[in-house]
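Novice: For the sequence shown, the residue numbers in mature numbering (1 follows the signal peptide of the UniProt record, and there is no 0) are -20 to -1, 1 to 641.
The set of hints was computed from the structure by calculation and includes no laboratory data. Every residue, glycine too, gets a C-beta built ideally from N, C-alpha and C. One or more hints might be untrue.
Each pair of labels, with its calculated beta carbon distance range [claimed, not checked]:
id, residue 1, residue 2, range
1, E596, G371, 30 to 38 Å
2, E469, V548, 30 to 38 Å
3, S519, E567, 37 to 45 Å
4, K126, K495, 31 to 39 Å
5, G339, K374, 14 to 22 Å
6, K126, T446, 47 to 55 Å
7, D401, T569, 29 to 37 Å
8, A481, E567, 27 to 35 Å
9, A481, T329, 22 to 30 Å
10, S519, K594, 24 to 32 Å
11, V514, T547, 38 to 46 Å
12, P552, V514, 44 to 52 Å
13, D516, K594, 38 to 46 Å
14, E464, A623, 20 to 28 Å
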Amino acid sequence: MKGIQSRLAFVAMLLCQATARLTTGENATHLTLSNDRLSVVLARSNGHIIDLTLDGQDLLGPLDGNRGKGPYLDCSCTPSGFWTPGGTAELQLVNGTDSTGTPYGGLIMSDRFAATNQTLSQYFFLRGEETGLHAFSRLTYFNASKPLLRDLGEMRTLFRPNTALWTHFSTSDGNFGPLPAAETFSKALTVQDATTYIGDVTEDPYTQQYSDYFTKYSLSESWRNHDAHGQFSDGSTSADGSTFGAWLVHNTVETYYGGPLHSDLVVDGIVYNYMVAGHHGAPMPNITHGFDRTWGPQFYYFNKGAPGSTIDELRADAAQYADPEWNAEFYDSIAPHVPNFIPSAGRVTFEGRVELPAGAKRPIIVLSENRQDFQLNVFDTKSRQYWAEIGCGKFRIPRVAEGKYRVTVYADGVFGWFIQDDVEVGPGGEWSFTWREESAGEEVWRIGVPDKSSGEYLHGYAPDTTKPLQPEQYRIYWGQYDFEQDFPEGVRFEVGKSDEARDLNYIHWSFIPAKGNHLREENYYDNVNNWTVVFDLNSDRLSGAETATLTVQIAGTKTANGNAKWTVSGHPYANLPWTAGVNGRWESTWLIPYWRSGSCGVRSAVACQNIENKFEFPASVLKEGRNELTLSLPFNASSIETALLPDALYVQYDALRLELA
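Kindly produce the complete structure, drawing on both the sequences and the hints.
Specialist: Okay, here's the thing in structure tokens:
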């Protein structure tokens, strides 16, 4: 870190500077926050930040509609859809000094949607000589005459520049690249909703280095190890050749939903903080009478580097703040300004040990809403979530709000989960948990790695070697992969001989759709919906066996219910039938429930709603020698799609296992 900071322009602007200068101001048209480096201007006319400069460099550009402003808040939360609050907002400028003696200023915007009596509030704080904004967002709904308003479809803040300053995106350590030029999109071909082909624009650096397709979903990330994302200026467009970064830092994750398996959009020319969305099958809370929730804090951070500083260097500088213990004293000091925020007096450290099954890799422990799958933790409006990697059997999660939680542990290489409800988290003591791997007998074989994703299969995590930046293949538009060419005879996987990375597709389709697929004019049906797994058994394996158990773990499903979670449609495939058959002598169908549905693979994802099922059948169905297991989706199973999206239904496998007892 010292090497990085030496190249960045921080020498005279240390965060611990005792004489930090911070000024606030307001007049009839604007409210302002500024220190020696960062200046923030909020317009009274729209309640939004419309000017943001770092060391004199304009980071936003001119205001033009919704461009050239931010961070600002919007939501899909009203009866008619989206609402961008601010036009009729109450605005407040606050000042103070935190418990460390550091001055701070704050901008508070609160707007009411009169027709339904719901409010959106946004809180931004600038502390000392920091070059970033601490952000909180709040939604309330009090309307006894309409107890259920609707679902909260989206809740997000957006840093939305209108300037040529920004040259690159960075979603994670391993995924970055040039932003497409604005004029490139005028030459683009729309291939599916929110996805364009720009391969013919050969002079664009994005096309040269990253992909022939552009979709914001390529630039989404999983929350598990996510620390920061944003945009970078390489100096070619700045006033003095300096480099710049605009980042959203996940310094806390407690008020997001979906736990560490959640993934969402992060950047695409806009730097997002998606607090709620239904992308990749994520659940959304219902807005009911009495709803009152505050999200945050997160940190919008802006930095500057000397000419020649790299995107990795500026990103690492931002990522250092992805720590829930950072600035705890400051957050305690501003708690009176932020409804629902829990100060340190109501928080503890949750720590202890977990005895893990043999072979557990990358183990993780999750605290979440009690008695709910953490992937669906949207029922309690006050719910919080936390997680930590387990190292050498030990874990530590700081600043956990006291309360009752579900504990979940999972790991790569281990089927199933460890779950314990009614865990009272309070002061004192260490916790101890013992996870025994589930077993239904002797394992005969397993396919794939139980890691809650389908990334190990063809077109998953493997890099796209056709481009210099080599993004993972699953990130790129699904339609560029030709199933007919990859599997001309269909999928036939021989246990012990075949290779998952080559011989199993990352998506099991009911058919290959032409809709949303500009490379195919007609649907393709041959040998698509039925997959075959071939395996041999000898007499020793079968001797004495009475029961066989097939475990199927799925990392993502698209049923005909789409992304709807709490209402089931009348479509016959709202619950998706998935059938296993063995040797033509046994067959069983599992109805994958509608609330696990979501666009996964077609939205550049390999880990969405995880679900599993166990099939038990008589061992007598098996035979000595060659056996065949059929994995089947209904032929031509489709959904009704109003947008330009594939209408074929599908599943994405995490892992499968056969056991005998």
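Novice: Would you mind marking each hint as holding or not holding in the structure?
Specialist: To see whether the hints hold, each was checked on the structure:
1. E596 with G371: 30 to 38 Å: holds, 37 Å
2. E469 with V548: 30 to 38 Å: holds, 37 Å
3. S519 with E567: 37 to 45 Å: violated, 25 Å
4. K126 with K495: 31 to 39 Å: holds, 37 Å
5. G339 with K374: 14 to 22 Å: holds, 18 Å
6. K126 with T446: 47 to 55 Å: Taking Cβ atoms as reference, K126 and T446 lie about 53 Å apart, which means the hint holds.
7. D401 with T569: 29 to 37 Å: Roughly 30 Å apart at Cβ, these two residues keep to the hinted range, so it holds.
8. A481 with E567: 27 to 35 Å: holds, 29 Å
9. A481 with T329: 22 to 30 Å: The hinted range 22 to 30 Å is violated for A481 and T329, with Cβ atoms some 41 Å apart.
10. S519 with K594: 24 to 32 Å: holds, 26 Å
11. V514 with T547: 38 to 46 Å: Hint holds: Cβ distance 41 Å, inside 38 to 46 Å.
12. P552 with V514: 44 to 52 Å: With Cβ atoms ~31 Å apart, the hint is violated.
13. D516 with K594: 38 to 46 Å: At roughly 23 Å between Cβ atoms, K594 and D516 fall outside 38 to 46 Å, so the hint is violated.
14. E464 with A623: 20 to 28 Å: Check passed, 25 Å falls within 20 to 28 Å.
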